[in-house]
Every structure is written in structure tokens, then in C-alpha cells.
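Going down the list, the protein sequences come from chains C and D.
Heads up, the first sequence is in my numbering, so the first residue is 1 and it goes up one at a time.
Heads up, the second sequence is in my numbering, so the first residue is 1001 and it goes up one at a time.
It is worth saying that the hints were derived from the structure and are not from the lab.
Be careful, since some hints might not be right.
[What the hints assert, rightly or not] Here are the computed distance ranges between Cβ atoms for each label pair: (1) Lys43/C x Thr1177/D: 52 to 62 Å; (2) Ser1067/D x Ile262/C: 22 to 32 Å; (3) Glu55/C x Gln1338/D: 54 to 64 Å; (4) Pro1201/D x Lys214/C: 52 to 62 Å; (5) Glu232/C x Gln1044/D: 43 to 53 Å; (6) Gly213/C x Gln1338/D: 20 to 30 Å; (7) Glu20/C x Tyr1242/D: 32 to 42 Å; (8) Glu174/C x Pro1028/D: 50 to 60 Å; (9) Phe1083/D x Asp324/C: 54 to 64 Å; (10) Gln1338/D x Asp374/C: 20 to 30 Å; (11) Lys260/C x Asp1335/D: 37 to 47 Å; (12) Val298/C x Pro1028/D: 30 to 40 Å; (13) Gly213/C x Ala1308/D: 34 to 44 Å; (14) Leu1350/D x Thr367/C: 38 to 48 Å.
Glycine is no exception: its CB is placed at the ideal position from the N, C-alpha and C atoms.
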Amino acid sequence: MKRIGIILCLLLLAYEVSAERVKVRLFSNNTVDLINISFDLGKYNLYGNDSTLIEPEVGDGKSVELTPNGRMVHVSIDGYDYGSHAKVSFVATDTACILCLNPRNIKQRTYEGDLVVTVGKNGKLFIINEVEFETYIAGVAQSEIYGNHTDIFRVQSIISRTWAMKNIHKHKNEGYNFCDQVHCQAYLNRCVRPDIMLGTMQSAGMTIVDSEGKLIDTPFHSNSGGQTANSEDVWRSALPYLRSVPDTFSYHMRQSEWVKVITEDKWLNYFSSKHNLNIQADSIRQELLQFAQSTRKVRICGVPLTRVRTDFQLKSTFFSVLYDSAAHKVTLSGHGFGHGVGLSQEGTIRMVGLGISYDSIIHHYYTGSRIHFDEDLPHTYVENYIKQIAQIIEEDKQKSTQTVSKKDDWLGRLFRLRDREEREEVYDPNQDELDSDWQYDW
Amino acid sequence: MKYYIIAGEASGDLHGANLMRSILRKDPNAEIRYWGGDAMQEVQGHPVRHIRDLAYMGIVEVAAHLSTVLGNIRFCKEDILAFNPDVIVYIDYPGFNLKIAKFAHAHGFKNVHYISPQLWAWKKGRIKSMRNVLDKLCYILPFEQDFYANNNFPKAVYVGHPLLDAASRYVVGEPITAPDGKKIVALLPGSRRMELKKTLPKMMAVVKAYPQYHFVVAGMTLLGDSFYKPLIEKADNITVVYDRTYDLLASAFAAIVCSGTATLEAALFNVPQVVCYRANAVSAAIARVLIGDKIRFISLPNLIADLAIVSELIQDDFTESRLMEEFAKVTDDVDNRQRIITGYSKIHHLLGDAGASDRTAEEIYSLMNQ
């Protein structure tokens, strides 16, 4: 009876997890005219049109090369021609499968889940990764933030999950959910670090909602420079949870300060030619050359700072002007990096370092918001996942040096750990006894 | 233009270096002769006297090295006359600097004092002579404004705190981590040998009592391993990093700080801290008589905010048991940590923007062109 229970439970969980898969377009900012695919973990079945099997169980040591051939995808495996197909699918035969993608002239990446390759309207390869939602979130967390503390990735996972759930249909008309660039959220590789995956799983089911329980917009940026911005100061809408707040946690980080030196002429002429300002007028000239922000301002001489930021490609709008009359130069001395609205990632990193809890961090940056927890989450599955991955992290800590080989990848180890646990359960003498009883009763 | 700058301590060296950069931006042909340390040397030239040979603090310590101090004063006067600067800039270090300022004023030199002595705390009587001999006094704490206004000192100007310049120039380095992933506690026991010998042994009691943390001493290269190692050798959860105070504070979860500039640095990095200080008993007794109950606090965060943000363990209160007690509050008590960090935000607000060095350079430059 217990065995049936376990099998049913696993099937149910497998269904629940697979039900939450998303389609992410990879290399969406690049044109891919040749890609080489190898297999870091597990085996894949390759299917062509109408689910015709091209090659079963392709795995370690095999190399698949895809190129566009008119509207078709040409396949060759280890140099052998496997014809052209309207669609080529790589379907994982196990939960722990990793593909290694090597497009020509583009940096190599690895992904979990399935891959579907077609030819796009531009005649280049159109690559979709079908992947479990939380695996995608962990990949996003890894791509979007840096750090060494699990809570950093827990916070990033919550805001990335909230954004993804709110924007699940962003690319619906194009046949996928998200692109892999900052237009959606950066997803530049699978999650290769177990501590990042731990942060994602510790926050599984958590999203941020407003006072009415609706998912909020969760913009974030690298560094606020010491003060976040109101949403309406950067975009159009004034959202109650995107208020400007002092943020001293963003000081003294990698992106806290920046400097850009330009000539006096270039600076003044920009306002004259682009914004029709009379730069001969003393008051205007003085404001342009002595502009200072101790707290964030929105305009300089009536010109939106967001425009100035774009036109001069500045890291932020939070800058002051230092005028060197002798050298006829202006130094734009700025704070932070990014639009400044919502969560500061480097502020988050510092707050985590100071032991501030993930929910306090979210409340600091998203005024009046609250964290919603999905009660329908498969709790046992998540708890076991967390426990197992924590065990892997602990094992890593015991090692004197960390060597990451394909065999050592945390995903492979996680599933070897699961296999072991399941085997131990199957061969448990007491379990056998119970099974006998059950067979007898039946 | 010719500038003669005198910095006598590590913090003066740091602010002196930033001031030199600002002066050189303003006056690229500036000829600068200075007393200072490695930071100033990185900007330009070599110090006439290095700070490692100058740092004596407290009445008794200075008295013990009186002949050296007097020798330095004599040498400085002769050196100024030989160099014949357009302006002399004194950075903090008032005991020495005010003597030189009187001499320089008598010889017709222009005098600028950057980082004013804490006249509001003690030896207020110096204000009269400072008014006479200084052409400009650049003060750095926002609450000093009222003091100088009430004491008819129009030549005093608020330039902002130079630590903001130093901190804003800080380029994030490699994070300081513990070998076993433990949280980092920064120990900032001071920069003077005598001070260190008093404070570090007491901090070691906490180090031994808290094996769950890794303690890192903000050390100074000029003192070196031979100085620090004997003081810390009895624990394995402690290391020393040299000349990386900001990297340390940027990585720290909490700190124990010997009173001084470092208390403000810890606040600027949002690190909850316990402040401790124990002066030589005779110095402390004299100071007590001079200061009386004029000031409520000793640490810069509390002074600036005029609020007890961080705990101060001073003189007899600086014991191992009290330190242990207060350390627990800044590490284990989440509400207290939050209260301290909220207090720090007030300090950030009160101090305002960086730019003290530039503003001071501007004051110096305009004084010379008057």
C-alpha cells in the first residue's frame, strides 16, 4: 500500500511540476545560423516533424549540429546527416538532463528541460527552451544578481517570480512566454549553483502583492545610489508601492558611484540644440553648470533627466555637475546604476550581509506591499528538495576544493541522492514486510 | 602656488590625500610640501615627516615623548620658513598645529585649518587664539555650525565631512570572507600603538566567547604582523587584514570600534557597532575636568545625531563583561540592530553630500587669490 502511495505521490508531483513549464526564447538578441548541441547530463530523444523520432537517447559524447535550411532545420549528429525538419525537439528522458548549447560566435550556455528549434521569419534558428517554472526562476536569479548568500537569491527569486507570473503572456503571440534578455528577465544559463537553487526553492510559491492582493510590478535596478526613484519620475504611472525611499544600503558597492567627463561645449550645446534652451542666459547657464542633486531631482532646466540619461548614456539620472572653467570641461558625478525604481540589487546584497530578513528587504523597496504564499504549493516536494539541496551544499563545504565537473554538477548529485533514497526505501526490510502483508490482504 | 600641509595622524593622511587631489584639480601647478603618510604620498611626492613618527595621543603620551614633539615643532618652523609657502593648511592634529599656526601667523603666512579641533567639547578657550591666527577654519560636523555662529567666528565655514569623500572614493575590493563562511565581525581597535595595546586584549574576550563569528582586525601595515600577532594568537577565529578597513566594513555584520573616526566609518557602512574607549587614567582624569558634563556622547554617530544610537563603553565601563553584554545586543537582538541602522540613516541625512575636499580646496584657493 505504501509503495502505491509513493508512486501516486510521485506521479502527482511530477504532474504538478511539469504543469508549470514555461517556454523561453533563447539567444533572442542574437542571430543564430549554426548551433552545436552536446549533452552534459542525461539523455535526450530527438524528434522531428509530427513527433517522428530522429534519434533516441542521445547523450554524453554525442554532438548535434543544427543549421537553417530554407524554412527547415538541418540536423547532423556526429557528422552524419539526419535530414531537414520543420521542427526539431530535444525531449529529456529524465528530470535531470542538461544540454550544452554552442551557437557559432556566441558564448556557450547550458540549459535544463527540453529544446524546440525551428527556423524564424529571418531565416535563422529560433530556439525555445521548455523548462520548469522554478528552474527558469533560478536561472534568472543567477543571471540577474551576484552574491554569496542564499537570501540574496531568495529575494531576487521572489521579485522575478512575481514579474514572470504577472507577465506570463508577454510573448504569447510569438509562441513563447519570455525572451532571455532584459526585455523580460535575463536568463543566460541554467542555474549552476546549488545555493542559488536553494534560494529559489526556499521562496517557492512566494510572490509580492499590493494591499488588494494583486501581483505588483517589481522593477529592480543595479544600485539606487542612495535613494530610489518614484515610478512616475521615470515612467508614467504613479504606483503606491513604487515610492522613493532613502537607501543607504546602496552606498559603497560596485555600482555606487560613476563619473563621466565631457566638454563644456558638448554639454551646453546639447541643451541648446535638442531642447531649445538659451544657454547664453546666465540663469540657465548657471543651472546647467552647477546642477546638483543631494536628493533625486526629475528635471534639469525643465528637461527630464531620463532624456539626458538616455542621450548621454549615463548610468543613472542621479548626478551632479562639476564645472572646471579652466579646462572647459564638466564632470558628471553620479550615484547608482539603473532607473532607480523599486528594488536596488546591490542594496539588497548589503542588507542581506547585515542580516536583514528577505521580507524586510522587500518591504523596504516596495512600499506597503506584502508577500503572498501560494497554499497550493506541493509542500512535501519542495521541503524534500530544499533538504536535499542543503545536504549537497553542506557536502561542498566539507570539500577542501570545489571541482565542478559534469559528474559533480549539483543537479546530477541531487538526482543520484534521490535515487539512493528511493532505493533505500525500496530495500528497507520493514518495507518488504509491509508489502507482503499488503499482497496477502489483496 | 606653494602649499604646506600638515597632517599628523592616519585619518589626517587620508583626508590630506583627498585634499591634495582637490587642490591639484583646482591648481594643477600646485607645489605641495607636506607632513603626512602613505595616502598622501600616493598622490604626490614624499612627506617631510611621516605620520608613523608623530602619532601620540593623550596628555601623558605626549608628555612622555615631549622631546620628540618639541624637536618636530622646531623643525617644522624652520622648514616653513625655508619653503615660504603661499598658504599653510593644518589638518586636525590641533596640539601641534595650533603652535605652528601661531608662529606662521606671526611671520605673515596665510593659515587654513581643515577639520577643526573639538572646541565645543574642551579647551574652548583656544577659540580666541584661533580667531586671531587663522585666516580660515573649515569645520566638518553639521552641529558645529551653531557653536561657531554663537562664538563670533565668521572665518569658520562648514565644508561637510571628509569621510564622505573618502568613502565615496572607495572602490569595492574583494569581499572579506571567513574560511568557513561565518559572519564577519570587524574589530577596529584604533591606529595608535598605545591605544591598540589597551583595546585589543579586551576585544579578544569577545572573540573567544563567540566562535560562531569570524573576527577580522583592521590592521595597519605600518604596524605589521609582529605587532598584531602576539595580541591575537590565542584564538583561531580571528585574522588581521591590512589597510583594508572599507573592504572590511563593507563585508561586516557587526563591529567593535575604538572611538574616533572609525565609529563614523562604521555608521556610513551601516554596520551595527559597539564603541569603546579607554584613555590613560591621568589623561582621562584631566579630560574629565576640562570637559565636565558639557557633552553627552563621545562617538561621532551619537554626537552627529545627538542621539544614543550606538552603545559607548568609556573608561571604567569598558570592561570585558560590559563589552560582551553590548556585543550580544548588536549581533543577536534583531530589533536593536534595526534601531541602529535606522539611526544611521539620520546620520547620512545630516551629513549630506560628499565634496568636503573640493569645498576646502575652493576656500583655500579663493583665500590665496584675495
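Okay, the hints, checked on the actual structure:
| no. | hint | in the structure |
| --- | --- | --- |
| 1 | Lys43/C x Thr1177/D: 52 to 62 Å | 39 Å, violated |
| 2 | Ser1067/D x Ile262/C: 22 to 32 Å | 55 Å, violated |
| 3 | Glu55/C x Gln1338/D: 54 to 64 Å | 59 Å, holds |
| 4 | Pro1201/D x Lys214/C: 52 to 62 Å | 58 Å, holds |
| 5 | Glu232/C x Gln1044/D: 43 to 53 Å | 48 Å, holds |
| 6 | Gly213/C x Gln1338/D: 20 to 30 Å | 27 Å, holds |
| 7 | Glu20/C x Tyr1242/D: 32 to 42 Å | 51 Å, violated |
| 8 | Glu174/C x Pro1028/D: 50 to 60 Å | 57 Å, holds |
| 9 | Phe1083/D x Asp324/C: 54 to 64 Å | 28 Å, violated |
| 10 | Gln1338/D x Asp374/C: 20 to 30 Å | 28 Å, holds |
| 11 | Lys260/C x Asp1335/D: 37 to 47 Å | 42 Å, holds |
| 12 | Val298/C x Pro1028/D: 30 to 40 Å | 36 Å, holds |
| 13 | Gly213/C x Ala1308/D: 34 to 44 Å | 41 Å, holds |
| 14 | Leu1350/D x Thr367/C: 38 to 48 Å | 23 Å, violated |
When each numbered hint is compared with the structure, violations occur for hints 1, 2, 7, 9, 14.
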